[in-house]
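Following the hints, put chain B in place on chain A, whose structure we already have.
Going line by line, the protein sequences match chains A and B.
With the numbering used here applied, the first sequence covers 98 to 440.
With the numbering used here applied, the second sequence covers 98 to 440.
One thing to keep in mind: the hints can contain errors.
Because identical chains cannot be distinguished in the list, a pair is counted as satisfied if it fits within a single copy or across any two copies.
What the hints assert, rightly or not - In silico SDA-like links for lysine to any residue, alpha-carbon gap of 20 Å or less:
| # | residue 1 | residue 2 |
| --- | --- | --- |
| 1 | Lys228 | Val172 |
| 2 | Lys207 | Ala186 |
| 3 | Lys171 | Ser219 |
| 4 | Lys440 | Arg117 |
| 5 | Lys411 | Glu380 |
| 6 | Lys207 | Glu183 |
| 7 | Lys228 | Ser156 |
| 8 | Lys228 | Asp159 |
| 9 | Lys101 | Val134 |
| 10 | Lys228 | His155 |
Note that these hints are calculated values from the structure, not bench results.
2 protein chains.
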Amino acid sequence: MASKKRIAVLSPVAWRTPPRQYGAWETVASNITEGLVSRGWDVTLFATGDSVTRARLHSVVDQGYEEDRSIDPKVAEYLHIAEAFEHAAEFDLIHSHYDFMALGYTRLVKTPVLTTIHGFSSPRIMPVYEKYRGGYFVSISDADRSPALDYLTTVYNGIDLALYPQRTRRGEDLIFIGRIHPDKGVHLAIQVAKQSGRRLLIAGILQDTCYFRDQVQPHVDNQQICYVGAVDVKQKNDLFASALALLHLNTIPERFGLVLAEANAAGVPVIATDLGSCREVIEHGVTGFLVPDVAGAVKALEEVAVIEDQACRKRVEERFSIPQMVAAYEQVYAKIFLLEQGK
Amino acid sequence: MASKKRIAVLSPVAWRTPPRQYGAWETVASNITEGLVSRGWDVTLFATGDSVTRARLHSVVDQGYEEDRSIDPKVAEYLHIAEAFEHAAEFDLIHSHYDFMALGYTRLVKTPVLTTIHGFSSPRIMPVYEKYRGGYFVSISDADRSPALDYLTTVYNGIDLALYPQRTRRGEDLIFIGRIHPDKGVHLAIQVAKQSGRRLLIAGILQDTCYFRDQVQPHVDNQQICYVGAVDVKQKNDLFASALALLHLNTIPERFGLVLAEANAAGVPVIATDLGSCREVIEHGVTGFLVPDVAGAVKALEEVAVIEDQACRKRVEERFSIPQMVAAYEQVYAKIFLLEQGK
Numbered sequence: 098m099a100s101k102k103r104i105a106v107l108s109p110v111a112w113r114t115p116p117r118q119y120g121a122w123e124t125v126a127s128n129i130t131e132g133l134v135s136r137g138w139d140v141t142l143f144a145t146g147d148s149v150t151r152a153r154l155h156s157v158v159d160q161g162y163e164e165d166r167s168i169d170p171k172v173a174e175y176l177h178i179a180e181a182f183e184h185a186a187e188f189d190l191i192h193s194h195y196d197f198m199a200l201g202y203t204r205l206v207k208t209p210v211l212t213t214i215h216g217f218s219s220p221r222i223m224p225v226y227e228k229y230r231g232g233y234f235v236s237i238s239d240a241d242r243s244p245a246l247d248y249l250t251t252v253y254n255g256i257d258l259a260l261y262p263q264r265t266r267r268g269e270d271l272i273f274i275g276r277i278h279p280d281k282g283v284h285l286a287i288q289v290a291k292q293s294g295r296r297l298l299i300a301g302i303l304q305d306t307c308y309f310r311d312q313v314q315p316h317v318d319n320q321q322i323c324y325v326g327a328v329d330v331k332q333k334n335d336l337f338a339s340a341l342a343l344l345h346l347n348t349i350p351e352r353f354g355l356v357l358a359e360a361n362a363a364g365v366p367v368i369a370t371d372l373g374s375c376r377e378v379i380e381h382g383v384t385g386f387l388v389p390d391v392a393g394a395v396k397a398l399e400e401v402a403v404i405e406d407q408a409c410r411k412r413v414e415e416r417f418s419i420p421q422m423v424a425a426y427e428q429v430y431a432k433i434f435l436l437e438q439g440k
Numbered sequence: 098m099a100s101k102k103r104i105a106v107l108s109p110v111a112w113r114t115p116p117r118q119y120g121a122w123e124t125v126a127s128n129i130t131e132g133l134v135s136r137g138w139d140v141t142l143f144a145t146g147d148s149v150t151r152a153r154l155h156s157v158v159d160q161g162y163e164e165d166r167s168i169d170p171k172v173a174e175y176l177h178i179a180e181a182f183e184h185a186a187e188f189d190l191i192h193s194h195y196d197f198m199a200l201g202y203t204r205l206v207k208t209p210v211l212t213t214i215h216g217f218s219s220p221r222i223m224p225v226y227e228k229y230r231g232g233y234f235v236s237i238s239d240a241d242r243s244p245a246l247d248y249l250t251t252v253y254n255g256i257d258l259a260l261y262p263q264r265t266r267r268g269e270d271l272i273f274i275g276r277i278h279p280d281k282g283v284h285l286a287i288q289v290a291k292q293s294g295r296r297l298l299i300a301g302i303l304q305d306t307c308y309f310r311d312q313v314q315p316h317v318d319n320q321q322i323c324y325v326g327a328v329d330v331k332q333k334n335d336l337f338a339s340a341l342a343l344l345h346l347n348t349i350p351e352r353f354g355l356v357l358a359e360a361n362a363a364g365v366p367v368i369a370t371d372l373g374s375c376r377e378v379i380e381h382g383v384t385g386f387l388v389p390d391v392a393g394a395v396k397a398l399e400e401v402a403v404i405e406d407q408a409c410r411k412r413v414e415e416r417f418s419i420p421q422m423v424a425a426y427e428q429v430y431a432k433i434f435l436l437e438q439g440k
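The shape of chain A in the complex, shown without the other chains:
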């Protein structure tokens, strides 16, 4: 039955799948792929050639275009997406993580295509979704939905809990992990650190270099405010071990917030802006605090001792694990197969 079905997972080619450091979409595509393999599905992963998977790997782009600047991103994307659709007949379902770009190919093949929408990067991409609104869509949080689209359901991202074991000790530092971009509120985390007199460790790729130069770097003294660059899984766990709390003072609605689940998995309380999906990922007063602003975050820090590491981990185990995510996608796949039969 299920295990006989052939699934193609179309991952982005910005980074390796799974990414070495940053790359949320590739992380989720990897987790789905490996989870499906564990459950006995016949899975082909379309991703960069250096990707690591137990599924069949199919690639026409050797490396992520963010990791090899000699690659033209547009060229890599056209080659990669077209390749997957040229092999559509070999699959019972294509599970696309390729945003609006893959939609233009969906009507040219008979294989049904499920798109997990990892976020709308701009209102300017909406015309594509509107044209293909008859497609199969899954949202990654209830908050991150467009009223213009019909969704099959929300499937929360699942993380690999084995990568983020519950820490054995609790730290005293504040940590920020994420893209260095105003959307992620690094400047607000700095204010919280200064007002609360605590050390802040900032980790993540420099996405907005002007923002970094103007609003982050002037505060970096390598004493109270430290910037440690992009981090891999091991370095993230080191940060979690030294954390009193993770600060995630996003200034726009979060779409899911993978790092919130990762921090909670390690037992780290999260203080996040109550915008977008944060209230779906964080349970206020149990796995962290949802706050309106910097003052709210400073106040929350005074109460953060009440949050138990074990409670944080438990909620991730119950809601944001790979098996849970894959089980939810299996239900979505079953629904699509049924709908397709009826056609």
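Frame of chain A, contents of chain B only:
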């Protein structure tokens, strides 16, 4: 026979087809479309919604993304190209002017696709052409060919001779018409003007603003060196009327050089760098001069009086007209239909 065949012409959506001012690819796509209509073909033009054609217009993008900055170019291209291929079954042939981007769709439809390669914008796009090298390709000059590809033939671009009537008087100015970009040698044209003591009128879109600021603008005195901005057909003809010669001191191999044919059509001699296609478009000593450098151009200006307006026009009439281009494409189409029958 031929007239029963249904042709889709896929034009770019950077500009309107035909463009109001700049837009070489859209100009050629328009000329092919209108030429095919005149010859009785059943033609559908895929172009921006504001395009002007006697063919059936099919559009999903209202305006060129270069003319309406609220449009995301990537979104417009994905929507536009996918739309054409979704309608592939309605056509006997798709004639694509959409560079490498359309190639990824060609294996997903049964309709044969001919690609006119208007130039390789970067070596980084070559992997796409290499993957789809089994496709049907036409080059726009013998010079602009990649050794990695097989071409059916070269078809020179044809211009609408009615738009560029032979001028009735000859001028004394030097003119430059083209994108303001180092590739086009605007800085070299300025040197020629200064060394020959003649006025230079510069027209064209500002593609490289730093180049303009550093190497063009400092010389613009609105006396000897004038910049008049982007120009439409009427303004081009005004420039032609005041021209002693058109300077086209390209620094990289020209792919075709539409403006060379337009200038010649109006009777204007062209002094061009002997790089790429220029020697195919210009007949040295008859319709202008092919030169190696600035000194060569200054020297050529001393002899330019020997070039006859009538000889310039005659060569364009004989080689670079719409009927000639369309007749050549009709032969290409016939060859493709024959090859497809044999499959």
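Hints, verified against the model:
1. Lys228 / Val172: Between copies only: 12 Å across chains, 24 Å inside a chain, cut-off 20 Å.
2. Lys207 / Ala186: Both ways: Lys207 and Ala186 sit 7 Å apart in one copy and 15 Å across, limit 20 Å.
3. Lys171 / Ser219: Both, since 17 Å and 12 Å are each at most 20 Å.
4. Lys440 / Arg117: neither (42 Å within a copy, 46 Å between copies)
5. Lys411 / Glu380: within (12 Å within a copy, 80 Å between copies)
6. Lys207 / Glu183: Both. Shortest intra-copy (11 Å) and inter-copy (13 Å) distances satisfy the 20 Å Cα cut-off.
7. Lys228 / Ser156: between (28 Å within a copy, 13 Å between copies)
8. Lys228 / Asp159: Answer is between: at 14 Å across copies they meet the 20 Å cutoff, but 32 Å inside does not.
9. Lys101 / Val134: Classified as within: same-chain Cα gap 12 Å, cross-chain 52 Å, threshold 20 Å.
10. Lys228 / His155: between (29 Å within a copy, 15 Å between copies)
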